[in-house]
Amino acid sequence: MDAHGNTHAGVGHVMRRRVLFRVLAALLILTYVTVAVTSFDFGRWNLAVAMAIAVVKASLVLMFFMHLKYDKPFNGLILVVSLALVALFIVIALDDTRHYQRNVIPGYAPEIKANTQ
Amino acid sequence: MSDHAHSPHLQHHFETPQQQFDAGKLGIWLFLATEILLFGGLFCAYAIYRANHPEIFVYAHQFLNKYWGGTNTVILLCSSLTMAWAVRAAQLGQRKLLVVLLSLTLLGAVGFLGIKYVEYKEKWEHGLLWGARFAPHVEGHGGEEPPLPKAAAPAPAPSASAPPGSFVVERSAIRPAPPGPAGTVIAAEEQEEHLEEAGIHRRPANVQIFFSIYFLMTGLHGIHVLVGMGAILWILVRSVRGDFGPEYFTPVDFVGLYWHLVDLIWIFLFPLLYLIH
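Chains as they are written, first to last, in our numbering: chain A, 242 to 358; chain B, 2 to 278.
If you are wondering where the hints come from, they were derived from the structure by calculation, not from laboratory data. Yeah, the Cβ is synthetic: ideal placement off N, Cα and C, and Gly gets one too. Treat the hints loosely; a few may be bogus.
Which stretches of chain A does chain B cover? Using the computed rule of at least three CB atoms under 8 Å from a CB of chain B, they are [claimed, not checked]: (1) 286-299; (2) 309-316; (3) 324-335.
Here are the simulated distance ranges between beta carbons [claimed, not checked]: (4) B:E123 / A:T279: 32 to 42 Å; (5) B:V119 / A:L269: 18 to 28 Å; (6) B:E126 / A:A325: 37 to 47 Å; (7) A:W286 / B:G243: 46 to 56 Å; (8) B:E126 / A:L318: 45 to 55 Å; (9) B:H138 / A:F315: 52 to 62 Å; (10) B:A232 / A:V332: 31 to 41 Å.
Below, simulated EDC-like cross-link-like pairs (lysine to aspartate or glutamate); rule was C-alpha separation at most 16 Å, straight line [stated by the list, open to error]: (11) A:K310 / B:D23; (12) B:K67 / B:E123; (13) B:K97 / B:D244; (14) A:K313 / B:D23; (15) B:K67 / B:E120.
Work out the full structure, taking the sequences as your base and the hints as a guide.
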């Protein structure tokens, strides 16, 4: 349906208006869900739930608003590679911080205060 | 090159409009990848500080209004729709609709920054700022913010002796390591109990870290919104002039991709900053 039901004028893919509005509706519903879900406590899964919803929303934007679904796969590959590099960066840096003594200074890290003397 | 009539928009170094369009799009996606890497550094800082000091984030996020944040999310999502629709209008040669949709997108950006201004102003007034500038003084905030320890009570005016913005690492602010395990620790706990009884919840140390991250992430995002507004204004002027149609809509499409990326970043910033629990 999508490939032939859409008008092709010149280069590029023309999104159907109906699809655009459905995507917006889904995004708004998911925004409501992500706010509403904060009244439930999933313990350590809170962050995972919030991020899962964000990833779904981001995918919708990428696929439809940004035309990736109809695009050359290479553009999608660039995106995936950049995301993978960010993930690698965060995972390695995060892992690195775990290898230090948590409180080198007893109590806490020094508190920085404005000089008011 | 004049042997066949071709589009006036086709640059001489491209064979076909399709090739030109694909090359441009590849370039834009590469640019977006660098943007993702740019923000990736800040997301990394966020991840490390939140993983190591979750109490700071749980405590500090209550100073962000999730309804303002939610409203801004809705505004950005709607402006993403008008932008995507604008690309469609350009592709179909609907010139008036294109102008209207780009104007609406621009309006969304203005609305977003307007709300951001209200939020920033509030934080500025309450001293909820970054690093050494963090000097909270929140009155009548539902009693959530504990009264401040004597030294920091009113907003300290930048004194004459210290140039504004200078800071010292105050060693004295560190609770001394208990010399004998029993005595001091119990004293501290007792003190805490007294505070709890008085309805005062301890503010974790180094809350300013959250606000540093908050201002850096939303600030960089805000700058992107500003740049996006400039780009949208540029294609708005060109669309009023009638530059775009089915033959040539590349700038609209590419500015659109950039605008959606701004939206994408916010989709992650909103739950990460406003909806911590």
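Verification of the supplied hints:
| no. | hint | result |
| --- | --- | --- |
| 1 | 286-299 | holds (count 7) |
| 2 | 309-316 | holds (count 4) |
| 3 | 324-335 | holds (count 7) |
| 4 | B:E123 / A:T279: 32 to 42 Å | violated (21 Å) |
| 5 | B:V119 / A:L269: 18 to 28 Å | holds (22 Å) |
| 6 | B:E126 / A:A325: 37 to 47 Å | holds (42 Å) |
| 7 | A:W286 / B:G243: 46 to 56 Å | holds (53 Å) |
| 8 | B:E126 / A:L318: 45 to 55 Å | holds (47 Å) |
| 9 | B:H138 / A:F315: 52 to 62 Å | holds (54 Å) |
| 10 | B:A232 / A:V332: 31 to 41 Å | holds (33 Å) |
| 11 | A:K310 / B:D23 | holds (15 Å) |
| 12 | B:K67 / B:E123 | holds (14 Å) |
| 13 | B:K97 / B:D244 | holds (12 Å) |
| 14 | A:K313 / B:D23 | holds (8 Å) |
| 15 | B:K67 / B:E120 | holds (11 Å) |
Checked against the numbered hints given earlier, this structure breaks only hint 4.
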